[in-house]
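Just need the whole structure built from these sequences, with the hints factored in.
Protein chains: 2
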Amino acid sequence: MGVNSKRVEDFSSHESSTIIKIPTELSSSHQPPFEMIHSVCLPPKKTTTQKLKHKLSEIFFPDDPLYRFKNQQWSRKLVLALQFLFPIFQWGPEYNLKLFRSDIISGLTIASLAIPQGISYAKLANLPPIVGLYSSFVPPLIYSVLGSSRHLAVGPVSIASLVMGSMLGEAVSYTQNPILFLQLAFTATFFAGLFQASLGLLRLGFIIDFLSKATLIGFMAGAAVIVSLQQLKGFLGIVHFTGKMQIIPVLSSVFNHRDEWSWQTVVMGIGFLVFLLTTRHISIKKPKLFWVSAAAPLTSIILSTLLVFCIKSKAHGISVIGHLPKGLNPPSSNMLYFDAPLLMVAIKTGIVTGILSLTEGIAVGRTFASMKNYQVDGNKEMMAIGFMNIIGSCTSCFVTTGSFSRSAVSYNAGAKSAVSNIVMASAVLVTLLFLMPLFYYTPNVILGAIIITAVIGLIDYQSALRLWKVDKLDFLACLCSFFGVLFISVPLGLSIAVGVSVFKILLHVTRPNTLVLGNIPGTHIFQSLNRYREALRVSSFLILSIESPIYFANSTYLQERILRWVREEEEWIKANNGSTLKCIILDMTAVTAIDTSGIDMVRELRKILDKRSLQLVLANPVGSVMEKLHQTKVLEAFGLNGLYLTVGEAVADISSTWKAQA
Amino acid sequence: MGVNSKRVEDFSSHESSTIIKIPTELSSSHQPPFEMIHSVCLPPKKTTTQKLKHKLSEIFFPDDPLYRFKNQQWSRKLVLALQFLFPIFQWGPEYNLKLFRSDIISGLTIASLAIPQGISYAKLANLPPIVGLYSSFVPPLIYSVLGSSRHLAVGPVSIASLVMGSMLGEAVSYTQNPILFLQLAFTATFFAGLFQASLGLLRLGFIIDFLSKATLIGFMAGAAVIVSLQQLKGFLGIVHFTGKMQIIPVLSSVFNHRDEWSWQTVVMGIGFLVFLLTTRHISIKKPKLFWVSAAAPLTSIILSTLLVFCIKSKAHGISVIGHLPKGLNPPSSNMLYFDAPLLMVAIKTGIVTGILSLTEGIAVGRTFASMKNYQVDGNKEMMAIGFMNIIGSCTSCFVTTGSFSRSAVSYNAGAKSAVSNIVMASAVLVTLLFLMPLFYYTPNVILGAIIITAVIGLIDYQSALRLWKVDKLDFLACLCSFFGVLFISVPLGLSIAVGVSVFKILLHVTRPNTLVLGNIPGTHIFQSLNRYREALRVSSFLILSIESPIYFANSTYLQERILRWVREEEEWIKANNGSTLKCIILDMTAVTAIDTSGIDMVRELRKILDKRSLQLVLANPVGSVMEKLHQTKVLEAFGLNGLYLTVGEAVADISSTWKAQA
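These protein sequence lines map, in sequence, to chains A and B. 104 is the number of the first residue of the first sequence in my numbering; add one for each residue after it. 104 is the number of the first residue of the second sequence in my numbering; add one for each residue after it.
In short, the hints are calculated from the structure, not lab data. Don't take every hint at face value.
[Unchecked claim] Derived SDA-like pairs (lysine to any residue); straight-line CA-CA distance at most 25 Å: (1) B/149 <-> A/671; (2) A/714 <-> B/478; (3) B/714 <-> A/202.
[Said to hold, decoys possible] Chain B stretches covered by chain A per the calculated footprint, using a threshold of three residues with CB under 8 Å from any CB of chain A: (4) 332-340; (5) 720-733.
Cβ atoms here follow ideal geometry from the backbone N, Cα and C, with glycine treated the same way.
This is how it looks when you write it as structure tokens:
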């Protein structure tokens with residue numbers, strides 16, 4: 104473990120909860136007295152290579168993924184490697200009939216949800232509906248072999264579908280050039296998979312961490328609004344609809360084609376939407392009735408299809424899905440499109456949908472893993488999702504990931520392992536082989552109703568409200584991504600929100616807190632005077648705590664701010680006839696890093712204070728800071744009395760020196 | 104001051120440097136015992152508006168610039184405001200003849216440097232030489248009224264001149280369209296000034312802090328190399344030279360025009376370059392002989408002009424400056440160019456040169472201010488430099504700022520106030536009015552030698568070496584800006600370097616340090632086990648210190664890393680038959696901020712550890728973190744024993760609870 108392994112066997116034995124015992128303890132000969140001054144250590148010496156190795160392993164292997172392989176025989180290592188690469192070998196041997204029963208129930212439940220959603224999301228991406236079913240067949244099978252989450256229900260999802268349709272639609276029209284559009288969709292899926300798998304392989308998974316929760320709340324709400332507005336096309340039966348996604352062109356398109364509105368469609372749409380929303384409401388109120396909302400989409404499809412079939416002669420205003428080809432996924436590797444002009448569009452779309460689907464998949468996997476107390480390895484999941492999409496792009500699937508809504512249903516239906524995905528895929532298989540003609544009369548408006556019901560849960564205004572309460576800047580990031588997505592475009596909205604989040608980090612570094620500390624009487628604890636009323640100033644000292652690394656971005660600010668504290672302290676002393684300020688102690692506990700500008704600042708500050716006959720003292724610099732101060736010989740300028748392990752020791756030692764001099 | 108003002112009048116009186124005295128002190132009745140558990144306070148309540156106000160004042164007014172105005176009469180306030188806006192009113196009344204004598208000497212010294220450099224830098228920016236002299240006349244006068252630095256010698260500088268020439272040259276050719284080029288230069292200067300003044304006015308000065316020292320070292324070295332290579336044109340007498348700045352086109356241009364090389368020019372150039380470098384070397388070795396290098400450029404100009412005048416009939420290979428118009432700066436406000444196609448180029452060039460010249464000006468001002476122990480207000484300096492450039496752009500000046508080399512000479516020559524700038528401007532005035540014809544025979548090659556001598560000091564390989572030793576990532580930023588400027592372009596090289604610097608901050612946040620702490624026997628000090636050999640583990644406890652704010656960018660990492668520490672600790676205990684791990688203490692002292700993702704992480708971590716029957720305890724959360732934990736009710740889940748003021752109190756209290764239960 105690299106740290107020393109001596110230990111205090113029973114800490115409480117040299118502590119005491121009574122007043123009387125302490126003195127004896129403290130003055131006993133084998134323990135140094137409190138006032139002994141402890142020297143500040145340098146961290147153990149390491150070569151540049153060792154440091155680099157440590158740093159890289161912290162960046163890329165923080166979870167130490169190979170720890171299981173340590174001290175194992177080679178045969179065992181082989182088994183472990185197999186289990187590592189294909190988690191199915193890990194849970195497979197322990198799988199039994201009882202688990203299988205649970206998985207069958209949950210698998211069939213999510214299938215009844217996945218089939219209508221698959222068709223709907225393919226429409227959302229402006230792809231043929233059948234592609235949505237293909238995408239609910241191959242990817243779940245692959246995930247069940249490679250994936251490590253037991254509850255992830257894999258298939259197309261709303262956000263990634265919307266983004267793919269919107270980004271590709273800017274380059275190619277799906278009405279005028281449907282084949283090229285489909286080719287681009289497969290190519291984008293291929294690049295999404297490639298990007299995801301590379302992130303996992305290169306262990307760069309932390310890139311998705313930069314989509315903060317605040318950003319995602321805003322983004323998902325914005326996307327949900329856009330998706331819902333898109334459904335107005337189906338709801339109103341408009342034929343000539345805009346290809347754009349932003350709120351303004353969509354709304355103007357809706358109101359400029361009022362002559363195309365079809366009242367039959369509207370009535371049917373609203374009817375089923377109310378039905379679906381009611382079932383959703385029931386399931387939210389009573390989680391045990393999860394099957395009510397899970398079964399509702401399929402029920403709606405069956406009912407609406409029957410309805411349209413019965414009144415087909417009269418209902419010419421209602422557009423239907425129409426003919427869907429029977430049969431399994433055809434290969435599509437020949438449809439991947441690598442020619443120059445549109446390749447960049449495909450790559451860009453692939454990366455954006457790749458990041459978004461990863462974010463959703465990993466977040467969902469982690470949520471359910473933490474509920475059942477098992478671990479999901481982010482980087483491995485990325486590889487699983489990535490391979491799933493690469494293979495998917497060659498078997499007529501578009502981008503897929505773990506869906507939040509379906510995974511929640513799967514979890515509630517009692518899924519125990521990835522077998523539930525296999526069961527679901529089998530149900531889709533049966534549908535593909537035998538049931539396709541049944542969808543002929545399914546009205547498009549019902550797909551719109553299913554999509555709206557699915558995405559309405561993404562508008563999480565309660566979380567947004569909580570952001571406002573807890574962190575105003577997080578709320579700003581949330582708003583930026585919401586309005587950015589709504590009014591500008593999905594990728595730009597997202598980048599603005601990421602920019603705001605990063606800006607927040609930088610702002611904290613650029614303008615760090617500085618606090619004046621005081622002593623809590625009778626202890627060696629020094630705390631903020633502003634926060635702890637019992638804390639007292641120590642006369643002749645100004646004790647400042649700096650709450651940030653000292654970097655180029657804040658060194659000027661900190662120098663000015665510290666000098667301002669000194670000025671204000673001196674003014675206060677003048678006004679109150681206090682004893683002269685003699686020493687400034689910087690509590691460096693929270694200064695977790697320093698760079699060359701920071702070091703120059705410390706050196707400079709010492710010089711300035713020295714000219715004013717004020718002593719500058721550093722307390723408790725962390726390892727890396729100490730190392731750099733030592734390397735650059737700044738410490739030499741501070742002399743013997745310039746560095747202490749704690750503020751308490753600094754105050755005690757310096758006061759006693761003054762006393763001795765006086 | 105907002106903090107309470109009680110104070111311990113003599114801290115050392117309740118401390119002691121002898122062993123025997125402590126017990127009595129600690130057990131005396133008026134002081135609580137060490138083992139008393141202190142509760143963790145919330146910071147004083149503030150409304151959102153108060154918080155916002157505080158935050159904004161820290162961001163924009165960290166130096167509290169108006170503190171002088173507090174509690175003053177209105178007449179005094181008026182005087183103070185006048186002094187605040189025009190620092191000349193501050194030092195003017197105290198100015199005397201003795202100071203004036205010093206200023207005259209230093210003013211004349213820098214004039215002898217400013218005249219040749221002004222002509223040279225104008226050539227560097229591909230502008231008529233006379234513009235360089237104009238720019239050494241008006242701006243110094245304006246700065247002497249508005250500026251607060253006493254040592255800044257104002258005029259054109261090499262880097263900003265180079266960048267302006269290079270950026271404008273990409274849009275307009277200075278040989279084919281010299282008038283338009285000059286118009287653009289004035290317009291860019293106008294925007295540079297506008298940008299600088301707005302930064303100061305909006306108090307956004309911290310933007311220039313993002314050009315870290317490391318970035319600047321690399322950038323200046325790269326710029327120096329480029330500038331020097333550009334001088335090969337004059338040195339070799341090449342007529343058809345590339346308009347580009349990057350190293351590759353310049354070198355290929357040099358070797359493709361070997362037939363144009365003129366040996367007379369080369370001999371003369373090398374001779375004077377050696378002379379100038381020797382004088383520079385002398386002044387560096389003996390700072391008292393600063394005047395040797397200060398006087399050398401003017402001497403070279405006089406000597407070389409005389410030489411060319413004497414051999415003018417034979418020296419047809421040597422190109423000379425030629426006719427320069429006599430007279431003062433003509434107004435140029437009518438030359439500002441606000442038409443669409445090239446306006447963006449002017450604005451971009453203005454912003455880049457504006458930032459660069461600000462960075463140099465402010466850094467120089469601060470350097471000399473700290474040597475003489477006075478303050479330079481960054482935001483006010485920005486306004487001074489900005490107005491100087493705005494007015495300059497209307498009086499035929501291009502971008503100016505405080506020059507490092509000339510300010511150093513001015514400082515060494517004993518400048519006492521901005522009057523030295525007035526003296527310099529007067530010397531330039533005399534030159535402009537009467538001495539212009541004398542420059543007719545000045546060879547261009549001498550200007551190249553002066554420029555090379557001036558910029559060679561910018562290649563600070565020692566600082567670069569120091570960066571490598573102290574901070575590898577800083578060195579990387581330095582290299583990036585060096586090679587970026589050399590091979591790509593000045594603005595791109597700069598942005599890459601800023602990107603690397605920001606990435607470094609983000610990396611530190613994304614992968615923060617976590618340390619295992621141990622107790623230093625006999626004290627309440629807890630320090631890194633890895634660093635302090637005397638520190639001992641406390642059995643049944645795992646004490647972790649987190650050295651970073653907890654943000655969306657690191658919450659996943661931290662959760663995984665903490666769980667890995669727990670796993671490793673449990674493995675260690677298993678291997679060594681230690682006593683079971685029962686409690687994990689997170690020392691939050693260095694967690695200076697937390698966002699919503701971070702709060703979720705803490706909540707999540709507690710749940711996971713709870714399922715494993717491990718207690719999670721937080722020690723010493725800072726004010727803002729405490730506030731957020733409280734607001735989001737995370738603390739309630741922790742219960743009574745979940746929060747302590749110090750790690751020591753946590754260990755003592757929890758151990759004694761266990762003892763009581765046992």
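Hints, verified against the model:
As the CA atoms of residue 149 of chain B and residue 671 of chain A are separated by approximately 22 Å, the hinted pair is consistent with the 25 Å bound. At most 25 Å may separate the alpha-carbon atoms for a hinted pair to count; residue 714 of chain A and residue 478 of chain B meet this at roughly 13 Å. The straight-line distance between the Cα atoms of residue 714 of chain B and residue 202 of chain A is roughly 23 Å, inside the 25 Å bound, and the hint therefore holds. A stretch counts as covered by a chain when three or more of its residues have a beta carbon under 8 Å from one of that chain; for the stretch 332-340 of chain B and chain A the count is 0, and the coverage is violated.
Residue count for the stretch 720-733 of chain B with a Cβ under 8 Å from a Cβ of chain A: 4. That meets the three needed, and the coverage hint holds.
Checked against the numbered hints given earlier, this structure breaks only hint 4.
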